[in-house]
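Asks: If you want the building blocks of each chain, they are given just below.
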Amino acid sequence: MSGILVIAEQRRGELSAATLETVAAAVSLRRQRPQPLAVAVLARDPEAFVAPLSLAGVEEIVKVAIPTEEFQSDVFEAAVLALAGERSPAVIMTPHSVDAWGYAPAVAVRGGFGCATDVFEVRYDGEDLVAVRAAYAGKLHVEVDFPGRQTVVLTMRGNVYPPLQQNARPRVSSFTAPGVEARTVHLGYIEPPAAEDVDLAQAEFVLAIGRAVNEEGKVEQFRALAGRMGFTLGCSRPIADQGWLPRSRQIGQSGKTVGACKVYLAMGISGAAQHISGMQHVPNVIAVNKDSEAAIFGLARYGVVADVFELAEALRSHFT
Amino acid sequence: MKIVVPVKQGAILDEDFELRADGKAAAAQHVEYVLNECDEYAWEAALQIAEACGEGFEAVPISVGPKRAEDALRRCLARGGNRAVRVWDEVLEEELSPGEVARILARVVSKEGADLVLTGGLASDHAFAQTGISLAAELGWPHVAVVTALEYSLGDAGARVRRELEGGLLEVLEVRCPAVLTIQAGINAPRYASLRGVRQAQEKPIEVLALADLGLSGGGVTAARSFRVRRMYRPARGCAELIEGSAADQALRLAEIIKALMGAAG
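Residue numbers (this note's numbering), protein chains in the order written: chain L, 1 to 320; chain S, 1 to 266.
Worth flagging that the hints you see were computed from the coordinates, not collected in a lab.
Cβ coordinates follow ideal geometry from the N, Cα and C atoms, glycine included.
Warning: the hint list may mix true and false statements.
Unchecked claim - Pulled a few chain S residues facing chain L out of the computed Cβ check, cut under 10 angstroms:
| # | residue |
| --- | --- |
| 1 | 110 |
| 2 | 154 |
| 3 | 250 |
As the list claims (entries may be wrong) - So the derived label-pair ranges between C-beta atoms look like this:
| # | chain 1 | residue 1 | chain 2 | residue 2 | range |
| --- | --- | --- | --- | --- | --- |
| 4 | L | 165 | S | 34 | 43 to 49 angstroms |
| 5 | S | 220 | L | 34 | 34 to 40 angstroms |
| 6 | S | 199 | L | 88 | 55 to 61 angstroms |
| 7 | L | 318 | S | 241 | 14 to 20 angstroms |
| 8 | S | 220 | L | 167 | 47 to 53 angstroms |
Stated by the list, open to error - Here are the simulated lysine to aspartate or glutamate pairs, EDC-like style, with alpha carbons at most 16 angstroms apart:
| # | chain 1 | residue 1 | chain 2 | residue 2 |
| --- | --- | --- | --- | --- |
| 9 | S | 204 | S | 58 |
| 10 | S | 67 | S | 37 |
| 11 | L | 290 | S | 90 |
| 12 | S | 24 | L | 204 |
| 13 | S | 2 | S | 244 |
| 14 | S | 24 | S | 125 |
| 15 | L | 290 | S | 15 |
| 16 | S | 111 | S | 207 |
| 17 | S | 204 | S | 71 |
| 18 | L | 290 | S | 71 |
| 19 | S | 24 | S | 94 |
| 20 | L | 290 | S | 16 |
| 21 | S | 2 | L | 145 |
| 22 | S | 67 | S | 90 |
| 23 | S | 259 | L | 204 |
Take the sequences, apply the hints, and build the full model.
Replies: Structure (structure tokens):
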């Protein structure tokens, strides 16, 4: 078995940024062991994605026309399994996205493939393919391999491998996906709630609270502090799940990305991957957490090991 | 009619954790276990459907794990349901991969004759987000991952669900049943267990099955292994400058830093 097959991801006609990063990861792996590298794109009109996928290192783009515009798990599984059957790739890579959650593990089970999710490093160690992922909210990293597996499915974490810029002219081919009964039906999309009073994507200074703020009544202290400091209040998922702050304040994979943020004060946030994906680009991250092992310290410029409530109270008097 | 809810006893590392001598897991004395957060939401969703359906329903929590996994099952039973199933076998390793767990769960779901499976979208310890959809593939069932809203009555031909996509976009879709749905945290407000519920849960039966009871062998489970752990290690940290001292000292220094950064940005 040889070769890397990347499954591109598009939604509503737009290629995801994570797809370009996954291609970059594949190109990096291929540098360690020369082998064919193809990118397959599944869409009603796959031709539209040929140009943005024509990147240096990609040898072939496989157009897979499917009957649905939207992601559909049965259609994706059947198409990827048929492609894998024809090409016998050693590695199938796709972004670690919500769509991938919904079909990549099933491809692995049905194909008899190895599988690792949310991978942020992939390399060869001698003959063995090695993938690295995180555990316990980033406190530990875990190296895994896949003894006995001819093919391995990897879903790749975003914001790790920078997308390639250099254009190329890969070969373009077509693949006919097998007809398959779709057992889910797309009924429509619901747009995310409009930012009621704030637009976190535009905020330069953000104070974000997380799980350590463990009572609704304690949120007010941080709202007041953010106000005094001139910071915009945001949160990680658990706070929004409780309904203590609206979804429009949630930062992370399923919430907002703080694209314009210059200073990010994370209070009581452990630093799970889903949260980090919305803020890891910020140049000045200040982390406050009681747990000195919290993963958030790994990407902070300044770290404070402290009780968030005590520190917030002490910080208050310095801003008027 | 029956909803089966696979749950996991998730692991949490304490602040002074160390690795096991072989470097492949955290040392047992530094690991605490608690019912996985997403699974709490999945169990609540199952109880709500079952209660709305009235007589003739059953919601059953199941888990793959050693004796301690019964804590997670009893935590479910303290809120509702009448019985649970735990699978374990001495031939199994303590840390199974999602593929192996899915293979075992599939046999339990078939044995129970479930009409719907709800399970957490991911576990907070390893965050594989892999077990539920692997289970669906083992069963050959339709599936939807990361469900944040669910309309279903026992016996319905399909369920109407929402799944949460990147950036807060939601997709509304209909899925044919029986199906496996993986549930996202926040889909509902899990109820608290009453003291009476906790007490009653101690009396509710937990059926314990070995692999042979499910027609499986150790080798049959290992064949479904997703990966093998080579080693675990503490990641190299970025060079965060630690601000030390009393809370007052820390706040003073932090305020200076923040004001300087804001000045530079402005």
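Asks: All hints are to be evaluated individually against the structure, with a verdict given for each.
Replies: Against the structure, the hints:
1. Given the 10 angstroms rule on beta carbons, the hint for residue 110/S is violated: about 15 angstroms separates it from the nearest Cβ of chain L.
2. Among the interface hints, the one on residue 154/S is violated; its C-beta lies about 19 angstroms from the nearest C-beta in chain L, farther than the 10 angstroms criterion.
3. Evaluation of the residue 250/S hint against chain L yields a held restraint, the C-beta minimum of about 5 angstroms falling below 10 angstroms.
4. Here the CB-CB span from residue 165/L to residue 34/S is close to 45 angstroms, well matched to the stated 43 to 49 angstroms.
5. The hinted window of 34 to 40 angstroms between residue 220/S and residue 34/L holds, with their beta carbons roughly 37 angstroms apart.
6. For the pair residue 199/S and residue 88/L, the beta carbons lie near 57 angstroms from each other, so the given range of 55 to 61 angstroms is met.
7. Against the hinted window of 14 to 20 angstroms, the Cβ-Cβ separation of residue 318/L and residue 241/S comes to about 18 angstroms, which satisfies the hint.
8. Checked against the hint of 47 to 53 angstroms, the pair residue 220/S and residue 167/L passes, with Cβ atoms roughly 49 angstroms apart.
9. At most 16 angstroms may separate the alpha-carbon atoms for a hinted pair to count; residue 204/S and residue 58/S meet this at roughly 14 angstroms.
10. With a CA separation close to 20 angstroms, the supplied pair residue 67/S and residue 37/S exceeds the 16 angstroms bound.
11. A hinted pair counts as satisfied when its Cα atoms are at most 16 angstroms apart, and residue 290/L with residue 90/S does not qualify at roughly 39 angstroms.
12. Pair hint residue 24/S plus residue 204/L does not hold up; C-alpha atoms about 42 angstroms apart against a cutoff of 16 angstroms.
13. In summary, the hint linking residue 2/S to residue 244/S is not supported, as the alpha carbons are separated by about 55 angstroms, beyond the 16 angstroms threshold.
14. Distance check on the hinted pair: residue 24/S and residue 125/S sit about 15 angstroms apart at the alpha-carbon level, within 16 angstroms; holds.
15. For the given pair, residue 290/L sits about 10 angstroms from residue 15/S by alpha-carbon distance, which is consistent with the 16 angstroms threshold.
16. This hinted pair checks out: residue 111/S and residue 207/S have alpha carbons roughly 13 angstroms apart, not beyond 16 angstroms.
17. Using a Cα cut-off of 16 angstroms, the hinted pair residue 204/S and residue 71/S holds, with the two alpha carbons roughly 12 angstroms apart.
18. Pair hint residue 290/L plus residue 71/S does not hold up; C-alpha atoms about 27 angstroms apart against a cutoff of 16 angstroms.
19. Note on residue 24/S and residue 94/S: the hinted pairing holds, with a Cα-Cα distance of about 12 angstroms set against a maximum of 16 angstroms.
20. A threshold of 16 angstroms between alpha carbons decides the hint, and for residue 290/L with residue 16/S the separation of about 13 angstroms falls inside it, so the pair holds.
21. With a C-alpha separation of about 38 angstroms, the suggested pair residue 2/S and residue 145/L falls outside the 16 angstroms cut-off, and the hint is violated.
22. Simply put, residue 67/S and residue 90/S have alpha-carbon atoms about 11 angstroms apart, close enough for the 16 angstroms limit, and the pair holds.
23. As the CA atoms of residue 259/S and residue 204/L are separated by approximately 13 angstroms, the hinted pair is consistent with the 16 angstroms bound.
The structure fails to meet hints 1, 2, 10, 11, 12, 13, 18 and 21 from the earlier list, while all remaining hints are met.
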